[in-house]
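Make the full structure from the sequences, and use the hints.
Each protein sequence line maps, in turn, to chains A and B. Residues 0 to 245 (numbering that gives the first Met the number 0) are what the first sequence spells out, left to right. Residues 0 to 245 (numbering that gives the first Met the number 0) are what the second sequence spells out, left to right.
Please note that the accuracy of each hint is not assured.
For each label pair, taking beta carbons as the anchor points, the in silico distance ranges come out as [said to hold, decoys possible]: (1) A:Glu208 with B:Leu29: 25 to 31 Å; (2) A:Leu126 with B:Gly7: 44 to 50 Å; (3) A:Glu88 with B:Leu29: 24 to 30 Å; (4) A:Glu208 with B:Ala147: 38 to 44 Å; (5) B:Glu88 with A:Leu126: 19 to 25 Å; (6) A:Gly119 with B:Val177: 30 to 36 Å; (7) A:Glu62 with B:Thr173: 25 to 31 Å; (8) A:Tyr120 with B:Val33: 39 to 45 Å; (9) A:Ala155 with B:Glu88: 50 to 56 Å.
Derived by calculation from the structure, the hints in this document are not laboratory data. Cβ atoms here follow ideal geometry from the backbone N, Cα and C, with glycine treated the same way.
There are 2 protein chains.
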Amino acid sequence: MARFFVAGCNRPKGGTVLLTGADADHARVLRLRVGDRIEVCDGAGTDRRCVIRAFGSGEVEAEVEEIEPCASEPTVQVKVVAGLPKQGERADYVVQKSTECGATEIVFFLSHRCVARPDGYALEKKLSRWQRIAEEAAKQSGRGVIPAVSAVEDFAGALDAAIKTELPLFFYETGDRVPLKQALEEAGVVRSAAVITGPEGGFEPWEAELAAKTGFRVCSMGPRILRCETAPVAALNALMYATGNF
Amino acid sequence: MARFFVAGCNRPKGGTVLLTGADADHARVLRLRVGDRIEVCDGAGTDRRCVIRAFGSGEVEAEVEEIEPCASEPTVQVKVVAGLPKQGERADYVVQKSTECGATEIVFFLSHRCVARPDGYALEKKLSRWQRIAEEAAKQSGRGVIPAVSAVEDFAGALDAAIKTELPLFFYETGDRVPLKQALEEAGVVRSAAVITGPEGGFEPWEAELAAKTGFRVCSMGPRILRCETAPVAALNALMYATGNF
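The structure is reproduced here in structure tokens:
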């Protein structure tokens, strides 16, 4: 069944959903007709099964037949909180792969060893680019949620974004750490988690100490050193696997 | 300690290892001196701790003090067997990320739905490019093994490359499948495994049937549809996590 994203769509059963713009064009490309069924996702975890009622000028009208939670969403909500990489393509990669692999939210942060320091305008442009990448990846992978992509301007903001989850994990490449497996097994069933990973140069020791004091589990991902764009996705995959969402 | 790769290095304790070319230049950039200790990896899982004895013209002589297995290698040898992606950068990505995440070998194959059909010359060029990417990624991530990258020209070759492992896994996006977690838990401790994933268009039903008949576990990675370059790395991460190599 063809699937469309209409962000914020909140029509009740019997109500009318409108496809407009690129979605309406896409419905035409798919040669959909009156009476055909489509799936409309609100981008926030709910699907609406609809039946097409009419084709207008540049829009398609569909009636809501059924409303149900999107089956492809994981049982655990994971925030990916990553140090802003120096190279733009690495950040794009974090957004695309984290979305495919089931993240609920993606937060970039600036920390001591971040090289990239975009100003307000540049950051705005990047954020809208990342949000588009997340939307595309969510559609392609059949997600029910489009992860929100945001940025915080300091390390404290990163800790704050992550600590509000049931299982805040901080990945550090040295020092006192537990294997991720141990941290996950000790945590038991969780409904939310966060993974914090550093930029290219990693973390300052005081940053890791602050995270530990704030209540994070400081974890390792084994003896291999992962690149800054690889680590968050690897951690996310392990988390999804461990929680039965794979 | 500075780490160098000298492929095929097999000097015994007390023997002399020579760093040449870019490695010798790199030793100079690092301002290493006579008496400094370095680590020399043979690219096949063994490290040699050496002490620098002399700097020659374009070469550095070091004496082997200790020989030990490389600590960063996983306990399970995983072959990543992936349908050749249409876009070159996706294949590059599979090689780089699989190497970082601990694969022992990477095999690309051509199957029914592969769009890319490089001829012999183009494939040779690609293979040498991929091998360079694997070598770079192995160095960066502290691997002890540089994964061999190869290509087979049909689907039967892919099955053959994977079936020789203790746990050959075939990832299929539809039909009769077990969750990866179940397959791994039922397999118990394994020393070798293979993950087969398809190209952009996925597999033909007969390809999945053939894999099942040949003895593969046909697995799913959950309800989200991963891109062809994302799937092998996600499967590898889950496998490394499940086998305690994370």
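Verification of the supplied hints:
1. At roughly 29 Å, the beta carbons of Glu208 (chain A) and Leu29 (chain B) sit within the given window of 25 to 31 Å.
2. Here the CB-CB span from Leu126 (chain A) to Gly7 (chain B) is close to 49 Å, well matched to the stated 44 to 50 Å.
3. The hinted range of 24 to 30 Å is satisfied by Glu88 (chain A) and Leu29 (chain B), whose Cβ atoms lie roughly 28 Å apart.
4. As the Cβ distance of Glu208 (chain A) to Ala147 (chain B) is approximately 42 Å, the hint placing it in 38 to 44 Å holds.
5. For the hinted restraint 19 to 25 Å between Glu88 (chain B) and Leu126 (chain A), the CB-CB distance of approximately 24 Å keeps it satisfied.
6. Take Gly119 (chain A) and Val177 (chain B): their Cβ atoms lie about 50 Å apart, and the range 30 to 36 Å is violated.
7. Checking the proposed 25 to 31 Å range against Glu62 (chain A) and Thr173 (chain B) shows it holds: the Cβ atoms sit about 29 Å from each other.
8. A hinted range of 39 to 45 Å for the beta carbons of Tyr120 (chain A) and Val33 (chain B) is inconsistent with their spacing of about 53 Å.
9. One distance hint, 50 to 56 Å for the beta-carbon pair Ala155 (chain A) and Glu88 (chain B), is violated here, with the actual separation near 36 Å.
Going through the hint list in order, the structure does not satisfy hints 6, 8, 9.
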